[in-house]
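Q: Spelled out, the chains give:
Number of protein chains: 2
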Amino acid sequence: MPRKGAFGNEYKVVLVLRGELRLTAGKAAVQAAHAAVMLYEAAARRDRGLLDAWLAGGQKKIALEVATLADLEALDRAAKARHIPTVWVEDAGLTEVAPGTRTCLGLGPARAADVDAVTGDLPRL
Amino acid sequence: MPRKGAFGNEYKVVLVLRGELRLTAGKAAVQAAHAAVMLYEAAARRDRGLLDAWLAGGQKKIALEVATLADLEALDRAAKARHIPTVWVEDAGLTEVAPGTRTCLGLGPARAADVDAVTGDLPRL
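Chains as they are written, first to last, in the working numbering: chain A, 1 to 125; chain B, 1 to 125.
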């Protein structure tokens, strides 16, 4: 997967899970995959050029974690303030969580430097 | 998320990870998300109606696990024999695995009954 590196034209997606839900690895993977597809669809409608740039760069993704829903909501506000696209994943609640639980916030695709400015201090999932 | 249930028109995607790689939850989530986006793009090119049916049903996904690469290759052959679309995720190898390592097999979207016939016995991730 080609990467653009330090030239300011690298794009990324960040998938942020709620640690307090203590999801299994499989459940977390499914929430992250939901978010990635939702971000893809939103970008295809809004800015196909940006989507293609992200895909051409190897569709770079990373999964991070916050503790609580409040942390995730704060992250959503910080992203919106920088015009970074976000999507919320709500789980159908068939297994590990109650129906409608917000499990994951997806951010991007957006310039890596912009995304890092709001997610850079978060630990990896 | 609406579900179609027992009427034979329920579609799903299955994301299968290699247990032997002992990926972190975050790394596994990223591989699963890569696979989901690749399956989405392949379906958009091949059969938009099927893709839309899967999306309308809540883009149902599940993450499962096999032990080894050989198991994953056998699963790929079984899926192809039933005309179920598959994608391989190869990791860029920047962190936990060697470059080019095949980390995940994605299957679908396809009729749930068809997918279950090849993945039904596998444990959840």
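Be aware that a few hints might be false.
[Said to hold, decoys possible] What the simulated footprint calls covered on chain A by chain B, stretch by stretch (three residues with Cβ under 8 angstroms from a Cβ of chain B suffice, anywhere in the stretch; the number is not a length):
no., segment
1, 57-65
2, 73-87
[To be verified] Quick partial rundown of chain B residues pointing at chain A, CB under 8 angstroms, derived from the structure:
no., residue
3, Arg46
4, Thr68
5, Leu122
6, Leu125
It is worth saying that the hints were derived from the structure and are not from the lab. Since this is a predicted model, take the numbers as computed values, not measurements. All C-beta atoms in this analysis are idealised placements derived from N, C-alpha and C, irrespective of residue type, glycine included.
Q: Given Thr68(B) as an interface hint, is the shortest Cβ-Cβ distance to chain A below 8 angstroms?
A: At about 18 angstroms, which exceeds the 8 angstroms cut-off, the nearest Cβ of chain A leaves the hint on Thr68(B) violated.
Q: Are there three or more residues in the segment 73-87 of chain A whose C-beta lies within less than 8 angstroms of some C-beta in chain B?
A: violated (count 0)
Q: Given Leu122(B) as an interface hint, is the shortest Cβ-Cβ distance to chain A below 8 angstroms?
A: 11 angstroms, violated
Q: Report holds or violated for chain B covering the segment 57-65 of chain A, Cβ cut-off 8 angstroms, minimum 3 residues.
A: holds (count 7)
Q: Under 8 angstroms, Cβ to Cβ, is where Leu125(B) needs to be relative to chain A, so tell me if that hint holds or is violated.
A: Holds, because the Cβ-Cβ distance from Leu125(B) to chain A comes to roughly 3 angstroms (cut-off 8 angstroms).
Q: How about Arg46(B): closest beta carbon in chain A under 8 angstroms, or not?
A: 16 angstroms, violated
Consistency with the previously given hints fails for numbers 2, 3, 4, 5, ordered from lowest to highest.
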